Structure formats: C-alpha cells, structure tokens
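Novice: Please construct the entire structure, taking both the sequences and the accompanying hints into account.
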Amino acid sequence: MNVAAPLVEVQDLVKHYGEVRAVEGISFAVGAGEVFGLLGHNGAGKTTTIRMLTGRTRPTAGRACIAGHDVAAEREAVKPLINLVFEEQNLYERFSGRENLRVFADLYGAPKTWIEDLLADVGLVEAAGRKVKTYSTGMKQRLLIARALVNRPRVLFLDEPTRGLDPTSARDLRALIGRLSDVGTTVFLTTHDMDEADDLCHRVAFLSQGKVVALDTPQELKLRYGRRTAAVLLRDRQEHLLHLDGPEDAARLAAWMRDGAVLTLHSQEGTLEDVFVALAGRPL
Amino acid sequence: MHPRMIRTIFLKDVRDAIRDARVLVAILVPLGLAIFYGAILDDQTARPSARVIFSAAEPTDLDEALVSTVGGAVQLDLQSAPDVTTLRRLVGQEEADVGIIVPPGFDEAVRRGEQPALDVIVAPDVMVGGQYVAGSIGSAVERLAGRGPVADVRVVAEQPPPGQVSLLDQLGLRRYSLLTTLVLLVVMIAMLAVPVILAEETEKRTLDALVMIASYLDVVLAKAMVGLVYVAIAVAIQLGLTRLVPADIGLFVAALAALSVTLIGFGLVLGGLFKNANQINTWSGFLLMPIVVPVFLVGLPVPGWTDLLLALFPTSQGTQLAVNGLIGEAVFPDAWLSFLVILAWGGIAYAMVLRQLARREA
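So the protein sequences, as listed, match chains S and A.
Residue numbers for the first sequence follow the numbering used here, so the first one is 1 and each next one is one higher.
Residue numbers for the second sequence follow the numbering used here, so the first one is 1001 and each next one is one higher.
Simulated from the structure, these hints should not be mistaken for laboratory data.
Quantities reported herein were computed from a predicted structural model and do not represent experimental measurements.
All C-beta atoms, glycine included, are put in the ideal place defined by N, C-alpha and C.
Don't take every hint at face value.
Quick list of the computed label-pair ranges, beta carbon to beta carbon [said to hold, decoys possible]: (1) Asn1278(A) with Gly109(S): 32 to 38 Å; (2) Phe1036(A) with Glu88(S): 41 to 47 Å; (3) Leu1312(A) with Gln11(S): 53 to 59 Å; (4) Gly109(S) with Val1014(A): 19 to 25 Å; (5) Ser27(S) with Asn1278(A): 41 to 47 Å; (6) Arg1243(A) with Gly123(S): 53 to 59 Å; (7) Ala1254(A) with Gly109(S): 34 to 40 Å; (8) Leu1343(A) with Glu88(S): 38 to 44 Å; (9) Lys131(S) with Pro1290(A): 56 to 62 Å; (10) Leu1309(A) with Ala72(S): 55 to 61 Å; (11) Gly184(S) with Pro1290(A): 56 to 62 Å.
With a Cα cut of at most 20 Å, we get these calculated EDC-like pairs of lysine to aspartate or glutamate [unchecked claim]: (12) Lys1204(A) with Glu160(S); (13) Lys133(S) with Asp1020(A); (14) Lys1204(A) with Glu19(S); (15) Lys1275(A) with Glu93(S); (16) Lys131(S) with Asp1020(A); (17) Lys1204(A) with Glu87(S); (18) Lys133(S) with Glu1203(A); (19) Lys211(S) with Glu19(S); (20) Lys1275(A) with Glu160(S); (21) Lys1204(A) with Glu88(S).
Specialist: Spelled out as structure tokens, the structure:
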C-alpha cells in the first residue's frame, strides 16, 4: 500500500441532481494496493460517488483523478485502468460463464488465456460451460468478480460485494480481495457490513448526507469514537460493565483484582457500527 | 467510436438475441405468414377456373373450339372420361364442373348444318368458371360448325391512372401478400426486436457493464447493425422460401435497406425510452399500428386525403418502392420522393437517438 503516491484522488467532489444534494464536496486519496471502504447509510452518497469515480456520472463540481487522469475529462484513458463489481448481478444469463468473460475480454482487448485463469481464481472452471441462469447467487457473484478482473484493473470498485453470499463464498471473496491488494490492486468498496469493512479495509471513510464525516483506519476510528468498556464476571456470578475512561470504574476494577474476585475479564472494544452510530446518530 | 468494441457487442447480440423468445417471435411470425401465403395462394387466383370432362365415342374438335371460345376468361382443365357413366359420377361428385357427352358423328353433323343433340351436365354447386363454360358451349359449337360470331366483341380492361393502381391487380394475391409480409418483417425486426434488445440491456443493467469500457454510441451502433443483419438474413430467407424474385433487384434492395435503416432508428429511440423489454411488448401493438397500417393501404382505392396522409409515412413509401422493384415498372412514380420521405424520417429518428445519447453521456 502506498498512500504517498495516491492512485485515486478526489478533491471537493460535488454532485447535485436538481435540488437533491447527493454529494457535497468530498475529498480523499487512496493509495496503490490500498483497500478503501466507503461506508454510509442508504442515500448517503456512496453510489453517486462510485458513479462519478467510474465516469458514469459527471460531477457538478470538483475533480476525481485515477492514476493522474481526470475521470470526467479523460474518460478514455481511465476506462482501461478501472473496473467495477456491480451491486446488481448484471450478467448475460443466456450465455455461459465462459462466454460472459469472453465478451468482456474482447471488449478490453485482454488475452483469451486470462479467462481460464480467472475462472480458476473464482472456482468456476467446472461450471464455466453452463448457462449463467442456472448459477446460484454465489456463483453469479464470483463470475461478476472474474468479469471485473478481466482487464487486470489498477483500481477495482466493489459495490456491496458480499451481499447475498453464503458465509463460505463471502470468506473466499474477502481472501481474493486480500490477494488483489497484495499484488498492488487498489480496492475501493462500499458495504453495509461493518465487520467486513473492519476485516478488509486499510482505511474507511464514513459518508453522511453527502459529506465525509470521518476518515481513518478502522482501529483509529474505533478508538476515537467507540466505547472503551470491559465486561467483568465476578466469583459471585455478578456481571459488571466497566467504563475504562471513568476513574470510579477503574478503581472498582483495581479493587476486585486485588481481592481476587474477578472470574473473567473481557475488553469490549468499539466496533465500526458504534463509530457509525456516533457519527450518524443512527445505526445502518 | 470504437470499431473493435462495436464488433464485439454486435457479435454478442447476434448470438444472444436470437435466444430471446420475444425476438424470435418478431422474426418468425412474419416469416411463418409468408410461408403460409406462399403455399396456399396463387397469383392467378383472381381468374376463375373450370374442370371440363368430355366423353366422346369418336375424336372431336369441340374441345379446341371451346378453348378458343372461352379464351383467357377462364382457366380450363380439360379431361376425358372413358364412358358416360364415369363422366356422370365425376360431375355428380363435383370432381368436374362440367361434363360434355359428345355423340358419334357430332362434328360432321354440325358442319353439315344439322342440329345434333349435345348433352351437357353441370355439377350441383357449379362455380362461376363452370357456369361461364356451360354458357360458352353454344358459341363453341357455332365455331366448330364454321359459323363465326355475329359481331367481333373486343373487351379491353381500362388501366387506372398512375398512383391509384390496385396492388392486387398489379401483383396478384400471392405476391401482394408476400410483399406486405416482407415489409411487416422489416417493421417487426426494426421496431420490436431492436428495441427489445436495447431495453433488455438497460433493464438487466448489462448496459452499465458495457459502458465501463465502450461508449453508448458503440452499444447503439451495434444494436443497429444487429437489426440490419437480421433484416438481411430474414428477407433473404423469405425470398428464398417463397421464390419471390424481384424484377429490379437494385431498387427492391435499396427500398428495403432505406426503410430498415429508418425504422431501426425509431426502434433505437423506443429502446431508449422504455426501461424494460416487457413494456415494449405491452405497447408494441399500439406503437406499431401507425407504422403497419399504411403498408396495407398502399395502392387501394382510398379517399384523396388518406392518400395524401399515406404519402407521409415511411412504410407506405417503402412499400411503393418495393412494388416498383418487384414488378420492375414505375407503378408508383417519383421514386426519388419516396426515398426522400423515408430518409427524412430517418434523419428525425437518428437526431432523436443522438439526443438520447448526449443525455446518457451527460
């Protein structure tokens, strides 16, 4: 990950649809190989931001650059550098999995040999000749990911990538995202799953009402906005929730420890969901 | 514009669209109609026919005299029966329209000026052709006797003025039906199959995936090419299956090509307006009505204002050009005006397509 040499740069990006202010002047930078999460409730501006970053919507104001190219002004230069895993499973259902990949490999001018490698990467070699309409939701999602990798993008956008996936498929996808990051692919994802964002992302940005209200590593955000508490079970089977920042609770804990009254002690770190509630005032 | 991407999307659509039942129906219905019409109709259907059966003990020239008398008014099918019993049975069962029992020595007796008896048997429900033949037998016998008609009656069919030619008269029922189904085929592909293909890309969001690398213009041009190729293949199949051979192949092809390009433009507009293919299916009857109806009114005796209105429609102008190409004559004059009307509509259609593209790109 190299944040010093950002691959995605967003400066004061604004998008208005008439009276609706979807995005209100957001700025951030994402480095090569970084996994960056954009979090927020429905209508916060996540999808609009991705649409602007992928060149599918022109910003009302501001600028977004991919590898130094202005997305709005240099779309032709940006297109081969990026790809997107859509939230909808927008595949050609009357085609086989292999045919779907072949169409997009041809569009991007990618070698046909990559198709078999991608099918192997996402575990669809055996089903590659079957029509996509016979695939399960998880198989379609894996094919979507293979399609988005057909041009070996430098920046991969993922819109709710694990929605509808079973736990095994979701775990496999997270492992794949990790491998992509390892080889220098920048991954930009939106998700409602806070645990997923916590697991995957090097940094996350919280969007609320079109504005970035927090941006940092998950750990820093949790420390900054999350609860610092500990659950204590005493020998008399009484449970207590202690606030570590409170001097009174700290003294109580010290006393119980001194007396040997503590049976178990579990720290309860804040979660990204806590951060979100703290920032947005309501859960996702 | 990216030719390689247009080619890829075009090849994808050519293979994919034909697997869509809605597209398949749009192509197969007119093709099926054409095959059906081609099999059951005859261009000579308008001319009455009659099967006449002779029973003659000796050779007779009455059959030749009858053919000369009837001329081209009725299509005659002459046959002979081995005996009178067979003749009566065949006529009674309506296997023949008219039976003529020629007695021995009939020809010589007539030529000598005698009045020999001649029995004529008519089928129970004889049609106009048989009635005409039965009524002509007296004149045929006079002709056989060497007595010509008392007057040389010459019947000449007056040609209607140009522009009011009945297509049925000009083409015959079979060619008329085949031509109208051919134009219907173009309409169905251009204004039903093409918009369905485009709207399905929008509906299934595959369009979003395509424009991650291609442009909207690439996608739309590929759909237009698919429409043109489907039209070319379907028209060739229909012409081949029905053995319809245009006399002026250049004009015929140019007419259908111009009409296809224009209607595909409107098909693309429809595909851009509707968000899903089922909406197009639902509204297609209503939308296609003003495009299809003029095809069936061309050349028919309609009021003057209707004629003027028809002149404004691309399909009526395309049909007129196709008629000229099929017959090889300028049945409908001012071909250049027909092309001008079609291309003007094409200009309007593609201007609307470009406007839609500009809005999508923004």
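Novice: Indicate, hint by hint, whether the structure satisfies it.
Specialist: Now the hints, each set against the structure:
1. For the pair Asn1278(A) and Gly109(S), the beta carbons lie near 35 Å from each other, so the given range of 32 to 38 Å is met.
2. About 42 Å separates the C-beta atoms of Phe1036(A) and Glu88(S), a value consistent with the hinted range of 41 to 47 Å.
3. At roughly 54 Å, the beta-carbon separation of Leu1312(A) and Gln11(S) lies within the given 53 to 59 Å, and the hint holds.
4. Taking 19 to 25 Å as the suggested C-beta distance range, the pair Gly109(S) and Val1014(A) conforms, at roughly 20 Å.
5. The supplied range of 41 to 47 Å is met by Ser27(S) and Asn1278(A), whose beta-carbon atoms lie about 43 Å from each other.
6. Checked against the given bound of 53 to 59 Å, the beta carbons of Arg1243(A) and Gly123(S), roughly 55 Å apart, stay inside it.
7. Look at Ala1254(A) against Gly109(S): about 37 Å separates their beta carbons, and that is inside 34 to 40 Å.
8. Between Leu1343(A) and Glu88(S) the CB atoms are about 40 Å apart, so this pair conforms to the stated range of 38 to 44 Å.
9. Restraint check, Lys131(S) to Pro1290(A): a C-beta distance of roughly 38 Å breaks the suggested window 56 to 62 Å.
10. Between Leu1309(A) and Ala72(S) the beta carbon distance is about 47 Å. The supplied range of 55 to 61 Å is therefore violated.
11. Between Gly184(S) and Pro1290(A) the CB atoms are about 58 Å apart, so this pair conforms to the stated range of 56 to 62 Å.
12. At roughly 18 Å between alpha-carbon atoms, Lys1204(A) and Glu160(S) fall within 20 Å of each other, so this suggested pair holds.
13. Distance restraint check for Lys133(S) and Asp1020(A): the Cα-Cα separation of roughly 13 Å lies within the 20 Å cut-off, and the hinted pair is therefore satisfied.
14. Only pairs whose Cα atoms come within 20 Å are accepted, and Lys1204(A) paired with Glu19(S) is rejected, the gap being roughly 29 Å.
15. A threshold of 20 Å between alpha carbons decides the hint, and for Lys1275(A) with Glu93(S) the separation of about 18 Å falls inside it, so the pair holds.
16. Only pairs whose Cα atoms come within 20 Å are accepted, and Lys131(S) paired with Asp1020(A) is accepted, the gap being roughly 14 Å.
17. Between Lys1204(A) and Glu87(S) the alpha-carbon distance is near 12 Å, which keeps this suggested pair within the 20 Å criterion.
18. Taken as a hint, the Lys133(S) and Glu1203(A) pair is honoured in the structure, with Cα atoms around 16 Å apart against an allowance of 20 Å.
19. Of the supplied pair hints, the one linking Lys211(S) and Glu19(S) holds, its CA atoms being roughly 16 Å apart against a limit of 20 Å.
20. At roughly 24 Å between alpha-carbon atoms, Lys1275(A) and Glu160(S) are farther apart than 20 Å, so this suggested pair is violated.
21. Under the criterion of a C-alpha separation no larger than 20 Å, the hint pairing Lys1204(A) with Glu88(S) is consistent with the structure, at around 8 Å.
Consistency with the previously given hints fails for numbers 9, 10, 14, 20, ordered from lowest to highest.
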